[in-house]
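Chain residues, written in single-letter form:
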Amino acid sequence: MADEKKKPNRPVPRVDEESRPFWEACARHELYVQKCLPCGTVFYYPRAFCPEDLSQDFEWLRCSGKGTVYTFTITRQNQSSGFRNKVPYVMAYVELEEGVRLLTNIVGCDPESVTIGMPVEVTFEDVTPDVSVPLFKPAS
Amino acid sequence: MSISRKAALAGVYEHPLRWAPHKTQYQIMAESARGALDDAGLGIKDVNGLFTSGVGGMGIIALAEHLNLNPDFLDSNSIGGSSFVSHTAHAAAAIAAGYCDVAMILYGSKWSSDRFAIGTGGGGSGDPPEQFEGCYGPTTVGDYALAAQRHMYEFGTTSEQLAEIAVTTRKHASLNLHAKFRDLISVDDVLASREVSSPLHLLDCCMISDGGGALVVTSAERARDLRKKPVYLLSAAESCAHTSAGVRDITDAAAKQSGPKAMARAGVSHSDFDMAMIYDSFTITVCITLESLGFCQKGEGGSYVQNGRIGLGGELPINTDGGGLSSNHPGMRGIFLVIEAVKQLRGECGERQVKDCELAFCHGTGGTLGLRHSGASLVLGV
Numbered sequence: 001m002a003d004e005k006k007k008p009n010r011p012v013p014r015v016d017e018e019s020r021p022f023w024e025a026c027a028r029h030e031l032y033v034q035k036c037l038p039c040g041t042v043f044y045y046p047r048a049f050c051p052e053d054l055s056q057d058f059e060w061l062r063c064s065g066k067g068t069v070y071t072f073t074i075t076r077q078n079q080s081s082g083f084r085n086k087v088p089y090v091m092a093y094v095e096l097e098e099g100v101r102l103l104t105n106i107v108g109c110d111p112e113s114v115t116i117g118m119p120v121e122v123t124f125e126d127v128t129p130d131v132s133v134p135l136f137k138p139a140s
Numbered sequence: 141m142s143i144s145r146k147a148a149l150a151g152v153y154e155h156p157l158r159w160a161p162h163k164t165q166y167q168i169m170a171e172s173a174r175g176a177l178d179d180a181g182l183g184i185k186d187v188n189g190l191f192t193s194g195v196g197g198m199g200i201i202a203l204a205e206h207l208n209l210n211p212d213f214l215d216s217n218s219i220g221g222s223s224f225v226s227h228t229a230h231a232a233a234a235i236a237a238g239y240c241d242v243a244m245i246l247y248g249s250k251w252s253s254d255r256f257a258i259g260t261g262g263g264g265s266g267d268p269p270e271q272f273e274g275c276y277g278p279t280t281v282g283d284y285a286l287a288a289q290r291h292m293y294e295f296g297t298t299s300e301q302l303a304e305i306a307v308t309t310r311k312h313a314s315l316n317l318h319a320k321f322r323d324l325i326s327v328d329d330v331l332a333s334r335e336v337s338s339p340l341h342l343l344d345c346c347m348i349s350d351g352g353g354a355l356v357v358t359s360a361e362r363a364r365d366l367r368k369k370p371v372y373l374l375s376a377a378e379s380c381a382h383t384s385a386g387v388r389d390i391t392d393a394a395a396k397q398s399g400p401k402a403m404a405r406a407g408v409s410h411s412d413f414d415m416a417m418i419y420d421s422f423t424i425t426v427c428i429t430l431e432s433l434g435f436c437q438k439g440e441g442g443s444y445v446q447n448g449r450i451g452l453g454g455e456l457p458i459n460t461d462g463g464g465l466s467s468n469h470p471g472m473r474g475i476f477l478v479i480e481a482v483k484q485l486r487g488e489c490g491e492r493q494v495k496d497c498e499l500a501f502c503h504g505t506g507g508t509l510g511l512r513h514s515g516a517s518l519v520l521g522v
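If you read the sequences in order, they're chains A and B.
So for the first sequence, this note's numbering puts the first residue at 1; every next one is plus one.
So for the second sequence, this note's numbering puts the first residue at 141; every next one is plus one.
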């Protein structure tokens, strides 16, 4: 029977064949983006090819986990079941040191204290035993 | 091949209801179809091109069935709220190519009475990017708020300036008997309304209503023999914007790509327009769209919308029907942009009529500014 305590506390990302290496790394609490070897483009979100030249010749780039808040919003209303009781929470784009931006949540601080440009670092939340999602907290 | 002046809007109809729990979605579309055909002086059997969005994957066939039509051309291009602006361009192209000669564009929705919380309900698409977004609690309001916050940071845009857009639009709605919200509001009212997702307040957001509408597009030649003064499609352009592999400037809209193209194709520029219909899902949508279209410089949208410039009697009156902020927004409102522009160009707008209106711009934004969206631009004239 479903144990209430084990119910994921946010929607579980639907891992697919293109994104599996990314999510497997997240499960190890490591953040990766991709870099195309022929054209050098660093890109996010993960996919099976470079979106600049469609090359399948890319490397996974281990991120420092550091970045800054590019923009954010304090969400005060969200009726969907996973978030109804989480408001207010901060959704943000974080610009990684590697140059790409990713959507995330800023955690570990008062939502009202978040500002654009604020230095942040990655932290992971284990949503299920197999899937962890990258979140960001104020840099230590 | 240019489609300029090859096709015309011959009939338009905006369903008067904003709350229709006693009707079905397809009934709203059928009533709208009848209204637009009456406006044009045509009958349902004249229709041989059908366009819609907001139905199921193959819903356009069911719509044809509901109306007992067997059209020669079908298009249910679904790119969000701008879909119907895009349909208008596609209809003109299909007519110019000879694929159909009377095109009907239909929309109907009961998202209000169905209690569909499109703005704050979440819900995912299942498309590839969703796995990197859905777990962070995005909402429609929140996705736009991300763009608003960055715009404020980079350019010093203020909540007061955005509120000005809601205030002006409400003033227009007060002149529209069918508008849902007609009581005047002030900048202070907008700022005092609760914050839904910072920095956007409740009155920065469009409503959720029921409603629908219809457009009849036909050849310029045929339109000249019909009931109403033809409104010609002079040009169109489409675009989309997305996360661009992680480097997109969130303060630019897809309008930046389609707007200048549409104007160049029509051989007109910004100062030529007598009015504009700018999709107003949120106040920030209007601010960023006006900049992206080039009506003002990037970053200057906040000051551009002040001092009556976008109100009736101003330099560029926009959303004279009261927009999605105050008149109606049944989930998608692209069709109403075209309907109001046509009525203005015909001179049928009564108290809210723009004087000597001869050239109008329509721009639809579908999706969200913060994640991904489409842009559809139209230049309409008489």
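One or more of the hints may lead you astray.
[Claimed, not checked] Coverage of chain B stretches by chain A, computed from C-beta distances (three or more under 8 Å per stretch; other residues unrestricted): (1) 267-279; (2) 325-336; (3) 397-407.
[Stated by the list, open to error] Sample of chain A residues lacking proximity to chain B, with all beta carbon distances greater than 12 Å (derived): (4) Pro13; (5) His29; (6) Glu30; (7) Leu37; (8) Asp57; (9) Arg62; (10) Asn105; (11) Cys109; (12) Pro119; (13) Pro134; (14) Ser140.
It should be emphasised that the hints constitute simulated quantities derived from the structure, not laboratory data.
The beta carbon of each residue, even a glycine, is placed where N, CA and C say it ideally should be.
How the hints compare with the structure:
1. 267-279: Satisfied; 12 residues make the cut.
2. 325-336: Holds, because 3 residues of the segment 325-336 of chain B bring their Cβ atoms closer than 8 Å to Cβ atoms of chain A.
3. 397-407: Violated: only 0 residues of the segment 397-407 of chain B have a Cβ under 8 Å from chain A.
4. Pro13: Its Cβ does come within 12 Å of chain B, the nearest being 4 Å, so this is violated.
5. His29: Holds, because the least Cβ-Cβ distance between histidine 29 of chain A and chain B comes to about 16 Å, which exceeds 12 Å.
6. Glu30: Correct as stated: the minimum Cβ-Cβ distance to chain B is 16 Å, above 12 Å.
7. Leu37: For leucine 37 of chain A, whose nearest Cβ neighbour in chain B is about 16 Å away, the distance exceeds 12 Å, so it holds.
8. Asp57: holds (16 Å)
9. Arg62: holds (16 Å)
10. Asn105: violated (5 Å)
11. Cys109: Answer for cysteine 109 of chain A: holds, closest chain B Cβ roughly 15 Å.
12. Pro119: Holds, since 16 Å exceeds 12 Å.
13. Pro134: violated (9 Å)
14. Ser140: holds (22 Å)
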